[in-house]
Amino acid sequence: MHSEFQIKGIGQISIRVHDMEAATRFYQDTLGLNLLFQIPNMTFLECNGIQMVLGIAEDPRFDHPSSVFYFKVDNIQASYETLVGRNVHFLDKPHKVAEMGQTATWMTFFQDPDQNVHALMSEVPVS
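Numbering follows full-length UniProt numbering, in which position 71 of the sequence shown is assigned residue number 71; successive positions increment by one, without gaps.
Keep in mind the hints are simulated off the structure, nothing from the lab. If you're wondering where the values come from, they're calculated on a predicted model, not measured in any experiment. Mixed in with the good hints there might be a few duds.
[Unchecked claim] List of simulated lysine to aspartate or glutamate pairs, DMTMM-like, C-alpha gap at most 25 Å: (1) K93 - D74; (2) K93 - D114; (3) K96 - E58; (4) K96 - D74; (5) K96 - E81; (6) K8 - E46.
[Unchecked claim] What follows is a set of in silico ranges between Cβ atoms, one per label pair, in the way DEER data are often shown: (7) N87 - C47: 15 to 23 Å; (8) D29 - Q102: 29 to 37 Å; (9) D19 - Q102: 17 to 25 Å.
No residue lacks a Cβ here, since even glycine has one placed at the ideal position from N, Cα and C.
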């Protein structure tokens with residue numbers, strides 16, 4: 001059976017926040033994401049071609065922590081140290097989570113000002 005429905009990609013990703021000013025500073029200044037524009041109760045940022053929306057929930061049913069975002073970085077240890085220097089609260093230290101042939105996936109998890117959990121991830125050559 002042929003269907004006209006086909007997902008074309010991700011249009012944007014939303015992160016629920018409570019303090020828009022603190023959240024915008026964190027994602028723009030601390031993490032270095034590009035600010036696109038702001039409207040009341042929403043800030044739009046860009047992360048390597050993906051639009052991210054910081055938003056205050058209009059309905060209590062939507063006021064919950066966001067999904068985990070895995071931000072790719074080239075050097076996880078240096079990125080971790082940079083963000084620690086910017087007072088980012090990490091839940092762990094960079095660690096290997098999987099090894100696949102010539103590369104290993106490393107991650108470290110952190111929280112934003114609203115306690116949303118995100119991660120840095122890096123593919124590291126296996127020596």
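Compare the distance between the alpha carbons of K96 and E81 with 25 Å, and conclude whether the hinted pair is satisfied. OK: K96 and E81 at ~17 Å, within 25 Å.
Is the hinted pair K96 and E58 satisfied, with a Cα-Cα distance of at most 25 Å? Distance ~39 Å between K96 and E58 Cα, so the pair is violated.
Has the given pair, K93 with D74, been kept, meaning a C-alpha gap of at most 25 Å? This hinted pair holds, its Cα atoms lying about 16 Å apart.
Whether the CB-CB distance between N87 and C47 falls inside 15 to 23 Å: 21 Å, holds
Between the alpha carbons of K8 and E46, is the straight-line distance 25 Å or under? Since the Cα atoms of K8 and E46 sit roughly 18 Å apart, the hinted pair holds (cutoff 25 Å).
Could you see if the CB distance from D19 to Q102 stays within 17 to 25 Å? 43 Å, violated
Does D74 sit within 25 Å of K96, going by the straight-line distance between their CA atoms? 14 Å, holds
For a C-alpha distance cap of 25 Å, please report whether K93 and D114 respect it. 20 Å, holds
29 to 37 Å as the expected CB spacing between Q102 and D29, which holds or is violated: Given a distance of about 36 Å, which is inside 29 to 37 Å, the answer is holds.
Checked against the numbered hints given earlier, the structure breaks hints 3 and 9 and satisfies all the rest.
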